[in-house]
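Enquirer: In case you want the letters, here they are:
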Amino acid sequence: MTTLKIDVHHVTRVEGHGNIVVDTRNGEIKECRFEVVEAPRFFEAFVRGRPYYELSHITSRICGICSVGHATASLRATEKALGVEPPEQTVLLRKLLFHGEIIDSHVLHTYYLVAPDFLGVGSVIPLAATHREVVERALRVKKLSGDLCAMIGGRHTHPVAMAVGGFTHTPTEGELREMQARLVDARADMDETVALFATLPWPDFERETEYVSLKKDDEYAFIDGTVVTSDGFSYPIEDYRKVTNEECVPFSTAKWTHHNRESYMVGALARVNNNFDQLHPRAQEAAGKLGLKPICYNPFLNSAAQVVEMVHCVEDSIRISDELLTRGIQPEQPPKIEVEAGEGIGSCDVPRGILFHNYVYDEDGICVKANCIIPTNQNMANLNHDMQALVPQIMDKPQDEIRLTLEMLVRAYDPCISCSAHFLTVEFV
Amino acid sequence: MENPKSQTPNPKPKVAFFDFASCEGCQLTVIDALQTHLDLLGAIEIVQFREAMTEKGEDYQIAFIEGSCTRASDEARLKRIRAQADIVVALGACAHLGGINALKNLHPLEDVRRWVYGDKADWYETYAARPIGAVIEVDAAIPGCPIDREEFIAVVKAVLLGKSLPIPDYPLCVECKLKENVCLFHVGKFCLGPVVRAGCGALCPTFGSGCEGCRGLIPNPNENAMKDVLAEAGLTVEDILSRFTMFNAYQMQERAAEKEGK
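So the protein sequences, as listed, match chains A and B. Residue 142 in my numbering sits at position 142 of the first sequence, and the numbers go up by one each step. Residue 58 in my numbering sits at position 58 of the second sequence, and the numbers go up by one each step.
It should be emphasised that the hints constitute simulated quantities derived from the structure, not laboratory data. Where is the CB? At the ideal position from N, CA and C, for every residue including glycine.
Now the in silico label distances, taken between C-beta atoms and shown as ranges:
1. A:E262 - B:A76: 30 to 40 Å
2. A:P236 - B:F185: 39 to 49 Å
3. B:F185 - A:G83: 26 to 36 Å
All chains, please: the whole structure from these sequences, using the hints.
Expert: Here's what the structure looks like:
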């Protein structure tokens with residue numbers, strides 16, 4: 001029987017700092033876990049005392065990749081607390097901006113962080129010489145999604161123009177038409193992307209678990225809706241604590257969450273599993289080519305689910321642009337806010353999964369209480385259970401291969417460790 | 001004797017990226033900037049960039065550091081980087097100013113720790129957030145939250161050529177006027193443009209949102225006059241201070257301490 005000791009100190013090509021620790025003796029697992037060693041940042045403590053209009057600008061700084069997602073969840077929480085409903089055009093523009101971020105984040109993860117594992121290199125940089133067309137395509141899609149976010153929000157990382165009840169800036173009809181034309185052109189890149197990822201040999205591993213996501217009656221849900229699970233549960237967003245059940249685990253660096261089982265998974269795979277029927281037909285077709293059929297229990301296919309969502313978001317962005325152009329773009333004018341005391345809970349399904357922001361404001365609109373529950377947090381328990389199930393299956397392989405497979409598993413979850421509102425530091429063993 | 005280094009076939013400067021408490025948005029902006037300046041990859045050799053690559057080279061001349069120093073263990077790591085690198089560049093507001101992380105300095109530390117971690121607070125190492133310049137000598141800073149892509153490219157080029165840094169010392173209003181924006185004070189909003197360093201192309205005012213000061217104050221800003229202007233616009237001192245502190249809490253506290261010392 002094998003004795004195995006793996007200590008990957010700071011897994012690379014992930015967002016933030018985490019370590020893999022595996023220790024087996026005579027085929028028996030002594031230790032097997034993913035540690036988070038990111039510096040805690042205390043957002044929930046220091047937003048107290050800040051006025052309502054600052055909250056989305058401060059909390060977008062939780063994460064550089066999903067700052068639009070944090071800003072959107074934050075604005076929805078504030079809007080619910082203050083009794084503000086954004087007008088239809090604002091809702092459409094937010095969806096379009098959100099799609100931009102989903103595409104941006106997914107192309108970064110699938111092409112820059114995941115693909116090098118399958119092509120046997122340490123980063124995307126050497127691929128520029130060996131797989132030039134692949135890199136150029138990734139850059140093209142990345143630029144498109146970044147430009148889409150910038151057109152609406154001012155920039156992608158930490159958007160400027162998102163405000164309570166509306167935007168402080170409006171894209172012009174010309175900008176929107178030009179963007180739509182680029183999105184139509186991007187269909188070819190999406191086809192190539194699906195073709196590329198369909199050839200990748202995803203590790204063969206399954207572990208049955210529960211998938212949690214938002215759901216809406218009329219569309220594939222990213223913003224608002226109800227919280228549903230693949231075990232058949234459904235809750236209003238306001239009852240999010242019934243799903244997340246945060247707990248401290250002595251050997252873990254992060255608070256863990258569980259619902260109906262020992263753990264659950266959030267993110268692209270959870271959304272595709274729960275809301276497959278609402279995907280655009282082209283995205284469903286892509287799922288077929290990628291071998292992704294709900295319900296899929298292979299966490300490595302989270303990256304394939306991200307490819308499916310990129311296809312969906314390109315198609316839906318074309319549709320939303322049509323709707324905006326047909327309606328005619330009006331100047332956005334965020335309403336004057338009547339400040340009142342209240343509590344609000346906002347939820348979005350951001351690139352890495354379902355996210356909750358919960359604020360309490362006093363009568364002057366000053367935040368007195370805040371709680372943010374981050375997707376990566378919710379995935380920690382599931383990732384650890386996957387690792388513990390995977391290690392015995394691959395224990396007889398060479399150590400380098402085991403190490404790579406475990407790193408690939410961590411990367412498949414696309415962890416965003418900077419989103420570490422709850423994350424804790426640990427001492428190394 | 002001949003310096004063996006002069007015979008090295010690859011004279012490209014080796015560059016490494018590091019991060020401390022931050023959102024990594026500045027490193028993402030670096031990735032974005034490189035995609036439109038692939039030529040730059042030919043002029044430097046990136047030996048360490050954990051977010052984007054597996055390789056970890058410890059032999060580097062230029063270090064870019066994102067994030068604030070928020071715990072004692074960060075100091076040792078910062079000093080190791082300083083000892084290795086010829087040039088250290090602070091990347092973005094967290095490293096340059098302390099930035100958003102320093103908002104926690106406005107609360108008693110014990111209260112902040114208990115608020116988030118309850119009775120487990122003692123498990124987690126943390127202290128007041130500081131810019132990296134408070135711990136090690138910094139040769140250059142690229143301001144902003146996040147950094148501006150073009151400014152990053154311009155700074156890298158200046159560093160490689162040994163030229164002075166293209167970071168302006170004048171206020172944001174200069175750039176905003178060049179863009180022919182309507183002044184936000186005229187439409188009832190507020191903006192820190194008059195006292196904050198330019199270089200971002202006045203992005204926030206251009207998108208209808210007042211400057212929040214992420215690039216830091218200009219040298220010798222006439223803050224008191226600024227406060228009067230804001231007060232004329234009907235804003236309370238608390239509003240103004242709150243806007244100043246969003247990214248400059250560390251600086252505001254340092255200035256207050258300095259005044260008290262006098």
